[in-house]
Each structure stands twice: as structure tokens, then as C-alpha cells.
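One letter stands for each residue in the lines below.
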Amino acid sequence: MNNKKQLLKGNYAIAQAAIEAGCQSYFGYPITPQSEIGEYLSTKMPELGRAYVAAESEVAAINMVLGAGSTGVKAMTSSSSCAVALMQEGLSFIAGDEIPCVLVSVMRGGPGLGYIYPSQGDYYQATKGGGNGDYKIVTYAPSSIQECIDLTYKCFYVSQKYRTPVCLLADGMLGQMMEPAVIGHYPYEEIDQTSWALDGAKDRKPRFIASIAREQEHLREKVLKVFEKYNKILENENIFEKYETEGAKLVITAFGSIARIAKAAVKLARKNGLKVGLFRPILVNPFPEKIVAEIAQKVDGILDIELNCGQMIQDIKASIAGAANIPVKFYGRPAGVMMTVEEIYKQIENVYKEIVEKKYGTACI
Amino acid sequence: MGRIVLNRDRCKACYLCMDACPNKVLEADTTVNALGYYPVKVNSEKQCVGCAMCAKVCPDIAIEKVYR
Amino acid sequence: MEQLVYSKPESIKDDFKISFCPGCDHGIAAKLVAEVLDELNVREKTIGIASVGCSVFSYDFFNVDIVESPHGRSLAVATGVKRSKPDKVVFTYQGDGDLASIGIGETIHSMTRGEKVTAICINNTTYGMTGGQAGPTTLLGQITTTTTKGRDPEIAGYPIKICELLKELEGTAFVARVSVDTPAAIMNAKKCIKKAFEAQLKGLGTGFVEILATCPTNWKMTPQEAHERVRNEMAQVFKPGIYKDKVSEAE
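Protein chains in written order, with this note's numbering: chain A, 1 to 365; chain B, 1 to 68; chain C, 1 to 251.
In isolation and in its complexed conformation, chain A is listed as follows:
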């Protein structure tokens, strides 16, 4: 069954992938559009002798994850938007504690309660964080159900390997839609956690896992150590998709489900003779600045497309600053109606005309 293509709903796919990845402890609180993850695991985890607790709040859920993760087991929670907001303090502690764990964030509309529509409005929440202090939440953004599965595996692996919280940043569209995908098996090696995890101070000195650092030098070293991890993750665990960027005059930047629609629009543009490519960061935090800068040096413009009012575009702009002097255009809108291929294509055409035709004239097309 694992190797067969099945028609899967995103939330169930993520939940089953977590089980395949060896997630030992899940703690969560319901919120649309991700509640199926908790529902699924509430039955499956006890069947497998693993831990499932219906937490009394997201605040409690993330702190249960903190406790579970401190024992070295693979621990996970899932939530959405206004409820992920409640987890920010815990995430800051977990990052400072260097505890591995996975957060599945299935974005809905905001601010506040917003509504349950698909959205990419929590790119900032995931990548810039709401918790205090110097830290990052390593974040991967899938754009298909298959990627929801594969990246759930990746999230567990990276979290365990680098002892850091990792976020799978999906959206209501991915959580709720169904498409064929293969669950497969957890493809990564198991990382031994016994050198630091808490299991009782038997035949060794007691261990202390904490974010507190009373001496200035200790705090400095602690923060620099976690930032060294982010550099390593960017170096070794970066994933992205480049589509038709070679020879492109205009590159579309997009992430998650919007990138998938944008890719179809890029295909259409290529068919119509427009030299357009797509760059889709899958690891969005730490952000692959170098790759974006390299692409920017070879194109005449970038069109960033997001289902929000412009969040990742700031990372794009920061990436190309000093590397290329090209226009970075934006097309986006708040949560709600999903974009269509035709709609994005129209934007591509407009921007292409504005940037490329102005520079080279219509002959270049």
C-alpha cells in the first residue's frame, strides 16, 4: 500500500507521513483547515502505542512538544494561523533549547480570525517568527500532496539532525484538496539522540535543557551556535525548484500552492514564446538568497506572486540588493479566491511587456 499511488487528502497525507517518519508523540488542538491531522492521529497513534494528547490549547500543545522533544523522540504538533500565533513563545524556547520537533502550519486567512480560506499570509509568521530573541524556524513549503509527504519526512530529518524546530508551511488549499500521491517510506537515516536527550541521570551527570543563559558569554555562544546550524541547513538541506530559468528574461518567484499555479502559467507563457521562468524556494527559511541573486543577475525583471499582500517579496528584494538592479514586481491579494492559471498568465504578459519589451522592443519575443 505504501508504494502505491493513492488518492489522498493533504491533511491525511501529512498525518500518515508523520507516522511513517516515526513520530512518537503528537499534541494538538483543533483548528480548520488542519483538524484532520489531529483526528487521524488520535486513532492511529494509540493503535501504534504512540502518544496522542488532545491539548487544552495550542499554548499547551507546543509545550507538550517541548517536553516530548526534550526526551529525544520525534514530536509534532499541527495548527493554523491565529493558533500558530499562540505557539510563538514555545517555539522561541524550543529553538533556544535546541530541541528537535516538527510544526505543521496550514495557513488560513487573517489577521485575527480571518477565515478558513487558503492563504499565504503566514509567510512572515513562519519565517520571521513572533517569538522573542534571535532564532529562526527552519521552514519548508510544499506545493503538492506528494511534497506534503516528502517534506514531512524532510522536516523530521532536519529537525533531528540539527536539533531545531522545523515547520512544514502548507495552506488550506493543500490541507483540504485530494490528489494521487505515494506515501512511501521514511527515506532518511535515524539520528541518534542519546548524547543529549533526557532519560534520567543514570551512570552519567545530569543534563539540563534550557534557553536560559545567565552569563553574557554563554548567551552569545548559544545564539551563535544556533545560527551556525541555520548556515549548515542552507548549505546542506536547501531544496528549490528552477523551471525554465535558463535564458529567461522574466522570472516568476512564488512558493507553495501558488507556485504550482504559476508554473502552469509559465508553461503557457513559454508556449506563447515569452521567455519566462519560475523560481520556487521550497526551503523558505533560511532563505536561499544566493540563488535568487544569481538568477537576478541573468534576468531583466522578477515578478513575485503570493496569496497575500506581499511578504516573500521582501526576501526576494533583500536577496538581489547589491547583486542586480532590476525591477521586482508583485502580484497578490489577501486570502480567499485561489488564483487561476489564466489570471497569472495575464499578469506575466503585462509585466513582460512592461519590462522586456521596453528594453528590447517587440522583436525579441
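Worth flagging that the hints you see were computed from the coordinates, not collected in a lab.
Any given hint could turn out to be false.
[To be verified] With beta-carbon atoms standing in for the labels, derived distance ranges: (1) Gln314(A) with Gln236(C): 57 to 67 Å; (2) Asp29(B) with Glu225(C): 17 to 27 Å; (3) Val5(B) with Glu190(A): 46 to 56 Å; (4) Lys239(C) with Gln216(A): 43 to 53 Å; (5) Ser44(B) with Ser7(C): 19 to 29 Å.
Glycine is no exception: its CB is placed at the ideal position from the N, C-alpha and C atoms.
Chains B and C: place on chain A using the hints.
Relative to the frame of chain A, chains B and C by itself:
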């Protein structure tokens, strides 16, 4: 009869032990310790019974051992 | 032949550091927890949860594995630890602000679930670490830095009675309130702490002990005067005693 092992540099001079001691064996020292407090000391003229009450009430575990 | 009748518990580190103010009951309470861990012979499989407040420095003295919790979340962290490692002995060491104010939700729900953990709460009627502000257990009329004319129920409401609240929860197996103001009280407190751990070890539910404790610095009293206040004022409102004991019932 009894004997205590007192780490005078851990004592913060709360003197709860002096109140707890049935034979009033403990008294305040006249010289300060490493922490800057006047720690307790044993008055050698009094007889310790080794009841360990002083150790039980000591919040700083300055009374490390009690023998009887 | 001289016999050793008392020595520092093994569950207190050899190079321990106690950073509490002079005469603070925290040191006595922590030592009792350590003595109980020794007596139950569980030190090597114990995981402690350090909370925020004066109790955060638990790792300076407890000779066991410890994970730090955000303020108020100790019992959620404890839940995560225990559910992931059910064979471990898990305890929280919290102040009243942590357990009964910011963390009351986690407290009530973990104990309603009957998590097999032990919670120790130091009730000193104030926020000690931050300089003596009014907390959930501040007595009516008590002067603090935020109730400068004494706690007025019209403005600040009433002190929360933790044991009376938690004994009603079906998941709690042992609930007691003790003090550590005299040698006799200390010995009784230890018995209760032991039972609170036995509740966990026997799988009966959550074990809970509230310890009426002093904060001489913020109360602006000598340690002796502070213990008088525990007896004459605190114990009048927060009645010491065993509120629930499924451990003895099970025996």
C-alpha cells in the same frame, strides 16, 4: 554525643538552625564568611545531641552531615 | 561508634548552588523533594521540569535531568515528557504564580487528564523573583509592590485556594497543603511529598503538594518573622492538611 559538619561558606545567616537546636549549640560567628554573612558556628561548650534538626531546617544545606 | 544520621541527599548535586535569599523556604522544600527521590530510589530515572520564577534555578541543585519550561507551562511540558517516556518519574517544581496564575489552564487540564506526574508548588503569596508584586495567592490586606494599600478584593479579587480547587479534579490522586516552618512541619511535608510521588509511581494519577513558604526579602521580614506569618496569617486562609489521598485508599 553528636557532631555536625558545617560548611560556613554556604551559610547565609538566616539562623533558622539556631531556633531549631534543642540545646542551643549553634550561635552566630563574629567573622564574616565568603558570602559576606556572619555564619553560624558551634559553641563548643554546649553539647550537640545529633538530632539533625539544624540540618533539616537549613535552607542552604550548609549543615552537610550530622553524626551521632 | 559514631553514626551518620544526616547527609546531603544524593539527589542534590555535589557542587550544588542555592541562589535563594537567606531564610527562603525554597531551599527546604527542594531538599525535601531530593530526599524523597533518594528514598524512593528513582533519581536515575527522574526528569524534572524547571519553571519560571525563583524556581527556575532548580538545575543548580537538583541532581537529576531537567528541562526548563516557559512560564506557567510546566505541567504541559511534564505531560509531553511523561507521555513520551512513561517509565520515567516526572515532576514539576513551580511557584504559585507559575502554577496558579499564568499556568492555571495547564494545571487544571493536566490534572483533569490525571497525568502521572508530581507537581510541587511553592506558595509564598507573591512574585518573588520580580520583586514582590501581588500574585494569585496574595492574602487580602497584604501589602505588595502592586497592592501598596493592601490587597483589596474590589480591585484585585481574592486569593486562589489551590488545593481546594485541585482536589475536585478527578485526575488528582493526592492533594495536600503543608508548611515547612518547624521541624515537625518539615517532617510532615516530606511524608506528603513522598505520597505525591507514590501517586505517580502507582499510576493513580497526579500527585500535588502545595507548600506554604516564606519570602523574607519581599515580605521585609526576618526568616523567623516570616515563619510566624506562615502560621498566623497564611495557614489561617490556606488551611494545611491532606485534601485527597487515593494513595492510602489504594493501600
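Inset, instruction - Return the numbers of the hints above that this structure violates; sort them in rising order. - result: Going through the list in order, the structure violates no hint and respects every one.
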